[in-house]
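J.: Each chain, letter by letter, is given below.
There are 2 protein chains.
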Amino acid sequence: MVRLDVKIPQVEAGSYTIYIEAGSLCAIWERLEADYPNLQKFVVTDANVAAAGHLATLIGKNSPQVYSIDPPGEASKHIDTVIAIIEELEKAFFGRDTLIVALGGGTVGDIAGFAAAIFKRGVKVVQIPTTTVAQADSSVGGKTGVDSSISKNAFGAFWQPEAVFIDVKTLLTLDDRQYCAGLIEGVKHALIADSEYFEFYEKNVDAIKNRDLDVLGEIALKNCQIKASVVEKDPTEKNLRRILNYGHTIGHAVETASGFELLHGESVAIGIIAAGMIEEEMGLATGRLGRIEQILRKLGVPVRIPAEIDKKQLINIVKRDKKAVNQWPKFVLLEDIGKVLCKNGQWAVDVPRDLVEKILTDLY
Amino acid sequence: MVRLDVKIPQVEAGSYTIYIEAGSLCAIWERLEADYPNLQKFVVTDANVAAAGHLATLIGKNSPQVYSIDPPGEASKHIDTVIAIIEELEKAFFGRDTLIVALGGGTVGDIAGFAAAIFKRGVKVVQIPTTTVAQADSSVGGKTGVDSSISKNAFGAFWQPEAVFIDVKTLLTLDDRQYCAGLIEGVKHALIADSEYFEFYEKNVDAIKNRDLDVLGEIALKNCQIKASVVEKDPTEKNLRRILNYGHTIGHAVETASGFELLHGESVAIGIIAAGMIEEEMGLATGRLGRIEQILRKLGVPVRIPAEIDKKQLINIVKRDKKAVNQWPKFVLLEDIGKVLCKNGQWAVDVPRDLVEKILTDLY
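Order-wise, the sequence lines are chains R and L. This note's numbering numbers the first residue of the first sequence as 75 and each following residue consecutively. This note's numbering numbers the first residue of the second sequence as 75 and each following residue consecutively.
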């Protein structure tokens, strides 16, 4: 037998910058033109973002090609939307010299980022998140993906943005439900990494609910710092990055089982409570679940599984979790507020099926 | 404004192995089980490959999950096929611990490789190419992709295989047309990198047409060596790798314009002649086009654009080339047999539109 080894060369380290400033949206387009003069800009957004005035603020007097995702929200986070975007790029003769500008919430960023990852084997993308969830989480870290007809994020890629621009003033146009749900990823960051940051939520809950721009700026920075420190160490989720999935295993399943009636952050809130109950059952918790539940309740998100959700279906979705091995996922659990349990070097650990099933029953 | 830099860490160098041996197909499954004991194997193939007996030879008494692409060939190299494969993986509860085993020609490899690249943000794939074109070209180098309804390879990713297994004996079941068309990528390798290898084609054309396994083994090795030496230096086609596209700019356009009635290798043969004519017009050639045309004719592939192909449509497709900038691609051209023209450090160079249009007219 003849053997021939093909080398895959080292890829050098790189970086991208997150810019955070209230009221900066109107200045970003000029910056994009200056930073990427040779790239053809293609904006991906949705009707809600346009209606809130953010598209007009971003582009000003410029008239770039714009794709508006319709309908806005999770229902469009599907491979069909990515296909439609890419065919639109092709019809307008966009090439590899494309810069996709993702303006909107988490679904816009996930869809646009994935389209960038697979259009002509990859083009550049900048993220301009306009929602609490996108600013706290999805715009940073390079995870992109869309759903299939069967499960969440069945299609996806790791594709780092060229830059992220955060203007917390865009959060003022969100409705209360979207706004509050998106705060939960920040609470999750506090739970996995920083007990002082958790106390910040406890102390500032009124200012947060009143959308105080200074407090929101502090939250945006803290979220990006925590997320960046994790994804820098493990960009493709071999191990440590999995701590960002705290509350997400049950959260994703609840979100899917609700037919996306529940928002992502609302589902993660339920997932955080589920994780806390698992921790109590496994003897890891020390009375902290009450504090966590209280802050989630104050932020106005659900902390129990809605009665309409079928438990059997929920279990089936958990089995299909994208991180499942042998049809059962591992779980990220806390040792304490601000500290994730690490067992034999692993940040996601085994939890027996019957224990999870019991907790799901209790959580209705 | 607050700025926060997110580091993207270095990715270490790696490698994968190409194994070449006539008659080895029956031993590969055992090797996969030994090398990847913890991965769930999912075979992607097509009805032609199964009918030729290669699927049975590969799996023997094992019964892995198999997805058979239907219909076989370019018509299925579409994003819809990738979606169908991924939904099949999901229905069978495959997770990130999946090994996709691509058994077949170039389209099977491209489809299966792309499905691996985007299923749950990427799973492992091994390539077992069974055609001349796949053994010469597409199974090595990590380019994956599928077509949209508008153009070729609109969707794609760079995704390296874990290993490539080449059994030249599988070539014995190909029909003459497929067999000959697939040889053209090897001729292209000779043209861009190795004049002695080009002479090897001239000397051994009868043995090649008679499918002499020793000669085919030599060709397989030479093709992999040339391709590997290029992709190692430039895995993501920033510059040097573009030399592998010799003959492909017009070739791809002719292939698309023929509605895929022409095979990839047949189209590339026409593209090689087009490139040669461009070289003559630009004063680069020294009477070598006759030699090139002769070997292509002996290998039984077309060297002129079929009359049915609409020239206007052809030009439009060239404008949409995935490497086009400002709606016009650059061209890879030869300085001599075995040597690509490099201009100001660039391996793909500008050619005026009217010159290309003139040559396309002459080439009918």
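Treat the hints with care, as some may be off.
Note: identical chains are not told apart, hence a pair may lie in one copy or across any two.
[Said to hold, decoys possible] With a Cα cut of at most 25 Å, we get these calculated PhoX-like pairs of lysine-lysine:
{"no.": "1", "residue 1": "Lys-243", "residue 2": "Lys-393"}
{"no.": "2", "residue 1": "Lys-115", "residue 2": "Lys-393"}
{"no.": "3", "residue 1": "Lys-397", "residue 2": "Lys-165"}
{"no.": "4", "residue 1": "Lys-413", "residue 2": "Lys-372"}
{"no.": "5", "residue 1": "Lys-312", "residue 2": "Lys-296"}
{"no.": "6", "residue 1": "Lys-312", "residue 2": "Lys-115"}
{"no.": "7", "residue 1": "Lys-393", "residue 2": "Lys-198"}
{"no.": "8", "residue 1": "Lys-404", "residue 2": "Lys-115"}
Since the hints were made in silico from the structure, they are not lab data. Since the model is a prediction, treat every value here as computed from it, not as a measurement.
J.: Go through the numbered hints given earlier and state which of them the structure violates, listing their numbers in rising order.
T.: Number 1 only.
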